[in-house]
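J.: Add chain W to chain F, keeping to what the hints say.
Below are the chains, spelled out letter by letter.
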Amino acid sequence: MKISNDMTIQLLNKALDASVKRQGAISNNIANVNTQNYKANRVIFEEELKKAILPKNNAGLMTTKSKHMSLSQGIRDIKPRVVKDTHTTMGLDGNNVDIDVENANLAANQLLYNALVTQINNKYRVLQHVISEGKK
Amino acid sequence: MRIFKAFEISTSGLTAEKLRMDTISSNIANSGTTRTEDGGAYKRKIAIFKENLHKEVDSHSGIRRIVSKGVKVHSVIQDEETPMKVVYNPSHPDADNEGYVEMPNVNILNEMVDMIAATRAYEANVTALNASKAMFVKALEIGK
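Respectively, the protein sequence lines represent chains F and W. No gaps in the numbering here: position 126 of the first sequence is 525 in the numbering used here, and each next residue is one more. No gaps in the numbering here: position 126 of the second sequence is 151 in the numbering used here, and each next residue is one more.
Be a bit skeptical, because a hint or two may be false.
Stated by the list, open to error - Some chain W residues near chain F, calculated using beta-carbon distances under 8 Å:
#, residue
1, Lys30
2, Ser37
3, Glu76
4, Asn150
5, Ser157
6, Ala164
7, Gly168
What the hints assert, rightly or not - Calculated Cβ distances over 10 Å to all of chain W for the following chain F residues:
#, residue
8, Lys450
9, Ser465
10, Ile530
11, Ser531
12, Gly533
Said to hold, decoys possible - Simulated pairs of lysine to any residue, SDA-like, Cα-Cα distance not exceeding 20 Å:
#, chain 1, residue 1, chain 2, residue 2
13, W, Lys163, F, Gln435
14, F, Lys478, W, Asp139
15, F, Lys438, W, Lys158
16, W, Lys94, F, Ala514
17, F, Lys522, W, Glu166
18, F, Lys478, W, Arg90
19, F, Lys438, W, His79
20, F, Lys534, W, Gly168
21, F, Lys522, W, Lys163
22, W, Lys169, F, Leu411
23, W, Lys30, F, Val482
24, W, Lys94, F, Asn494
25, W, Lys30, F, Arg441
26, W, Lys169, F, Asn513
27, W, Lys158, F, Ala514
28, W, Lys70, W, Ile133
29, W, Lys75, F, Val481
30, W, Lys169, F, Gln435
31, W, Lys94, F, Gln435
32, W, Lys75, F, Asn436
33, W, Lys30, W, Phe161
34, W, Lys70, F, Asp492
35, W, Lys169, F, Gly493
36, W, Lys30, W, Asn155
37, W, Lys68, W, Lys158
38, F, Lys478, W, Arg89
39, W, Lys97, F, Gly493
40, F, Lys478, W, Val92
Hint data in this document are derived by calculation from the structure and do not stem from the laboratory. Owing to the predicted nature of the structure, the values given are computational and were not obtained by experimental measurement. Just so it is clear, CB atoms sit at the ideal spot from N, CA and C, and this is done for glycine as well.
Bound conformation, chain F alone:
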């Protein structure tokens, strides 16, 4: 096992990136709450992650060596995407930012970020435990 290439840490890193991006998107929505015709930004990450880790999306192409080609995206290539939510309407000025939803998302995102940091710390603590041969 390579410590630096560990799957858990890679995944957590990706999720942290997505969380920071989502924080930016939510901040942007809140900053534009009074902007005419503004449409809210949403970050798509979990769906992309699901696509990348579910084996059934591999289209039957198993990879047994690192040089084999696969149709699915690797974890390394997943990127959180920012999309405009154009399907909803709030109020008469063409703006669709719901401040309550944004605040709830903000709180949820913060908790998710904290959870991810805790998890990454736990992971490193396990490594630390192994390095110190279980003495600590």
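T.: Only chain W this time, still in chain F's reference frame:
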């Protein structure tokens, strides 16, 4: 740096809402002004907001894309649609020959409602800013 982008966005919101507050204050303060530089009575001012979009080139892939960088004030326009209030007051120095005075088209009730909206939006931006700050403080705990 990217993690401070959320700060910049929230700050742009704070600045914009503050400017809106300034225009509202100006409207309320001038609700009885009958003389202006342009001649005639004071006209209600409205701050128009616009999403601040930036073109950016991705340093890795070289792909151009448009990113949101918060909000900016597009312009402050004068309200030409709302009709001016006309009051009969022959003793007023600015009264016309028939004794009518043109008063500003400022409705105090509207201004108060806009003021509440601006205050709440300002508070929401402060909340977002604090949340981002808490997140980045938490990030410093990685590896502790």
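J.: Run through the hints listed earlier and report the numbers of any the structure violates, in increasing order.
T.: Numbers 13, 14, 15, 16, 30, 35, 37 - these are the hints that the structure violates, sorted from lowest upward.
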